Amino acid sequence: MNGADWLPFVFLGLMGLAILIYVVLDGYDLGVGILFWGNEAERDRMIASIGPFWDANETWLVLGIGLLLTAFPLAHGVILTALYLPVALMLTGLILRGVAFEFRAKAPSPHKHWWEHAFRGGSILAALAQGWMLGAWVTGFRDDGLGWAFATIIALGLAAGYALLGAGWLLMKTEGSLQGRALRWTRATLWLTALGILAVSIATPLVSPRIFDKWFSLPNILLLAPIPLFTAVLFLLAEIFLRRMAQDLETGNTRDIERWCWAPFACTVGIFVLAFYGLAYSMFPYLVVDRLTIWQAASSPESLRVILIGALIVLPAIIGYTIYSYRVFWGKARDLSYD
Amino acid sequence: MDLQADSLMLARIQFAANISFHILFPSVTIALAWVLLFFKLRFDTTGNKKWMDAYRFWVKVFALSFALGVVSGVTMSFQFGTNWPGYMETVGNVAGPLLAYEVLTAFFLEATFLGVMLFGMRRVSNRMHTFATFLVAFGTTLSAFWILALNAWMQTPAGFDMIEGKAQVMDWWEVIFNPSFPQRLVHMLLASALTVAFMLAGLSAYRWLRGDRASEVMTTLRTGVYLAAFTAPMQVFAGDLLGLNTVKHQPAKIAAIEAVWETQKGAPLLLFALPDEATRSNRWSFGVPRAASLILTHDRDGEVRGLNEFEGEHPPVMLIFWAFRAMVGIGLAMLALSWWAAWQLRQDTISLLVGRLLVITTFSGWLATLAGWYVTEIGRHPWLVYEVLAIAEAVGPVGPAMVASSLGMYLALYLLLIAAYVSVLFHMSRKARATEERPPGETSGAPS
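These protein sequence lines are chains A and B, in that order. Under our numbering, the first residue of the first sequence is numbered 1, with each subsequent residue one higher. Under our numbering, the first residue of the second sequence is numbered 340, with each subsequent residue one higher.
The hints are simulated quantities; they were obtained by calculation from the structure and are not laboratory data. Keep in mind it's a predicted model, so treat the numbers as computed, not measured. All C-beta atoms in this analysis are idealised placements derived from N, C-alpha and C, irrespective of residue type, glycine included. Please note: incorrect hints may appear among the correct ones.
What the hints assert, rightly or not - Cβ pair distances, simulated, as ranges:
no. : chain 1 : residue 1 : chain 2 : residue 2 : range
1   : A       : I319      : B       : E650      : 49 to 57 Å
2   : B       : G738      : A       : P316      : 23 to 31 Å
3   : B       : A758      : A       : L17       : 33 to 41 Å
4   : A       : I319      : B       : A355      : 57 to 65 Å
5   : A       : Y324      : B       : A758      : 53 to 61 Å
6   : B       : E642      : A       : L17       : 37 to 45 Å
7   : B       : G550      : A       : T152      : 21 to 29 Å
8   : B       : A355      : A       : F284      : 32 to 40 Å
9   : A       : T254      : B       : G747      : 35 to 43 Å
10  : A       : W37       : B       : V761      : 24 to 32 Å
11  : B       : W678      : A       : W37       : 50 to 58 Å
12  : A       : Y324      : B       : A675      : 45 to 53 Å
Unchecked claim - Rough simulated footprint, nothing fancy, chain B against chain A, three-plus residues with beta-carbon under 8 Å:
no. : stretch
13  : 58–67
14  : 73–79
15  : 82–96
16  : 259–273
17  : 300–312
18  : 317–323
What the hints assert, rightly or not - Facing chain A, a subset of chain B residues (Cβ under 7 Å, in silico):
no. : residue
19  : N432
20  : T451
21  : G454
22  : L524
23  : V575
24  : A681
25  : Q683
26  : L684
27  : M767
Using the sequences and the hints, build the whole thing.
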């Protein structure tokens, strides 16, 4: 098998991985931003829970888009020009969210609440724009009422999913009344996200006959059944954990809460991974539905080889020091200071 | 109405706006990271509290600058696809790996260890914290390495062959270490050092003029002034080297910079001129006879090629001519002021006048850096990749209305953020005194 056959496939995998990691990591950052609410101490604590991480989390987006750019330049051009305005809106949201972090802490006190609006608004805008982009991409950039409706559903669904990730993160990283509030948020967003995934799962095969055939023909439907099944199981599992934690909260059983506070977040990550896999399966091998496959869009094998060598050497290091960074800030979020 | 020309012009303005905004912040963070490492090491060695006070103040400036650099950098990574798909189509095999390596080896490194550097002082050992600071500095510099390798390649392409309209790499060493890379990298790193030096000096002078006599103020002011005084002459030298390099590889750019229309020996260095593209001559010009030849060829009677040799294929002369003079003028002023201040600092103080001048020139590095970038980038016109890909060939199909919308959005956002950044820096400088006067041992619980 020559390079032109397997290299695009490998890069599809790498790019997919980068985007999945981005969605999970920045998902909880954006989720916390969407949920940004409470008294001043609580807001500071929410910021403190994501402060050391958001920068590196966002870097996975740059890597994902960078791999799209470098490995599949033809697709990169087509996709980004088709999604021109949603991309611009997403970037506006990400810019506002990122700078609001710093400005809210350093600007004169009367301006602080403006920057907090920017933080929340930027997070919501980025989440909705990303969801919209996802929806539009799945339909192959349909520009009609149906395409727009589908994109709207996915936008709301992804925002709910991010809020779920954010709530689950806060459940792990906070204590006391803020943790109690995070618990309520997690329960609410759990079912919103479930609704979103259900809507997407129904709408996607309806919108694309090709995807319908991939899922609903025999024997595919039997082989793929584990995906929706496990997803449902994870939702139920999360719900069970949350109910137990609500009870523990009422009885003041902090020990058990701390034992399991990571579980809803873990379930959510599992749900995202499964949803991602389902989406990847549906779309493969197209980067632009019915127009560009990964092989048509790929760069020359020489370029891909050069990047692959670098990636294989460096990615383990990246993962290594990322884990180190999370270990440094393990445990409950403490107020961030530069001292 | 030529819609295609409108689209192209709007797309160019948008890219210029995005990259101008972006460059402001790495210009700060590249050098400031090393300055912070310096402050930390001085504290570790001397134990003098003033170095930690300086570190604490400037790490906040760094955090703010870095955040703005990251978000504008993310924006840049999308620009290639949204507006310039032709670029990746033609030279993607060169640009792709270089950009990928930048993200993989530098961006992740700096972004990850930034968290430890900013917020981890109490959670890791002092040695680890200093190491994290070093890694952030190393990461930002490595970023500059990769990005400038690509930019330099666009100016002086090497190590490739055009096969079926696409650039294919023949030799990576030649691609990265292309003919103008060393000069451009050094020039930019020094520009960052000078930018930060004047920010250090300017904000410290601002505090000092307001009566803040904390020992860190004079220490930082000194650091800034000495850094500027040391690097400014080096920058003049680096600029000269880049100039000689450009004479060899991009003569049309040089002709525009000096507004030389006819190829001639003993060309004058024009200090003032109004280049007129219609008549292909200069109005109201005066300058130093033979000095341009002297600078460009190191021979008073050396030959300088004129714009008429490149008719139809050279950059807009008025803009390039004046942008270059802005850069050099500001640079020389920075050199003069830093030497004057360094002279006064021998007496451990500065005069009111010098103090005020330092405050006014706090952001002079930004102006000089932008002017210089405009010279070199617009000076490459009509090429996006010199003699390989024209700008017009690379632009995407997005219509003018859409580009105008996104451009409007970015401009509004950027103007707001620059204003906020500058005002917050001065606000922090005013507030720093109040923080010093608080009794020690009081932590800044909520980020302050």
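Hint by hint, here is what the structure shows:
{"no.": "1", "hint": "A/I319 <-> B/E650: 49 to 57 Å", "in the structure": "holds, 55 Å"}
{"no.": "2", "hint": "B/G738 <-> A/P316: 23 to 31 Å", "in the structure": "violated, 45 Å"}
{"no.": "3", "hint": "B/A758 <-> A/L17: 33 to 41 Å", "in the structure": "holds, 40 Å"}
{"no.": "4", "hint": "A/I319 <-> B/A355: 57 to 65 Å", "in the structure": "violated, 37 Å"}
{"no.": "5", "hint": "A/Y324 <-> B/A758: 53 to 61 Å", "in the structure": "violated, 38 Å"}
{"no.": "6", "hint": "B/E642 <-> A/L17: 37 to 45 Å", "in the structure": "violated, 57 Å"}
{"no.": "7", "hint": "B/G550 <-> A/T152: 21 to 29 Å", "in the structure": "violated, 58 Å"}
{"no.": "8", "hint": "B/A355 <-> A/F284: 32 to 40 Å", "in the structure": "holds, 39 Å"}
{"no.": "9", "hint": "A/T254 <-> B/G747: 35 to 43 Å", "in the structure": "violated, 52 Å"}
{"no.": "10", "hint": "A/W37 <-> B/V761: 24 to 32 Å", "in the structure": "holds, 31 Å"}
{"no.": "11", "hint": "B/W678 <-> A/W37: 50 to 58 Å", "in the structure": "holds, 54 Å"}
{"no.": "12", "hint": "A/Y324 <-> B/A675: 45 to 53 Å", "in the structure": "holds, 47 Å"}
{"no.": "13", "hint": "58–67", "in the structure": "holds (count 8)"}
{"no.": "14", "hint": "73–79", "in the structure": "holds (count 6)"}
{"no.": "15", "hint": "82–96", "in the structure": "holds (count 9)"}
{"no.": "16", "hint": "259–273", "in the structure": "violated (count 0)"}
{"no.": "17", "hint": "300–312", "in the structure": "holds (count 7)"}
{"no.": "18", "hint": "317–323", "in the structure": "holds (count 3)"}
{"no.": "19", "hint": "N432", "in the structure": "holds, 4 Å"}
{"no.": "20", "hint": "T451", "in the structure": "holds, 4 Å"}
{"no.": "21", "hint": "G454", "in the structure": "holds, 3 Å"}
{"no.": "22", "hint": "L524", "in the structure": "violated, 20 Å"}
{"no.": "23", "hint": "V575", "in the structure": "violated, 35 Å"}
{"no.": "24", "hint": "A681", "in the structure": "violated, 30 Å"}
{"no.": "25", "hint": "Q683", "in the structure": "violated, 31 Å"}
{"no.": "26", "hint": "L684", "in the structure": "violated, 28 Å"}
{"no.": "27", "hint": "M767", "in the structure": "holds, 6 Å"}
The structure shown violates the earlier hints numbered 2, 4, 5, 6, 7, 9, 16, 22, 23, 24, 25 and 26.
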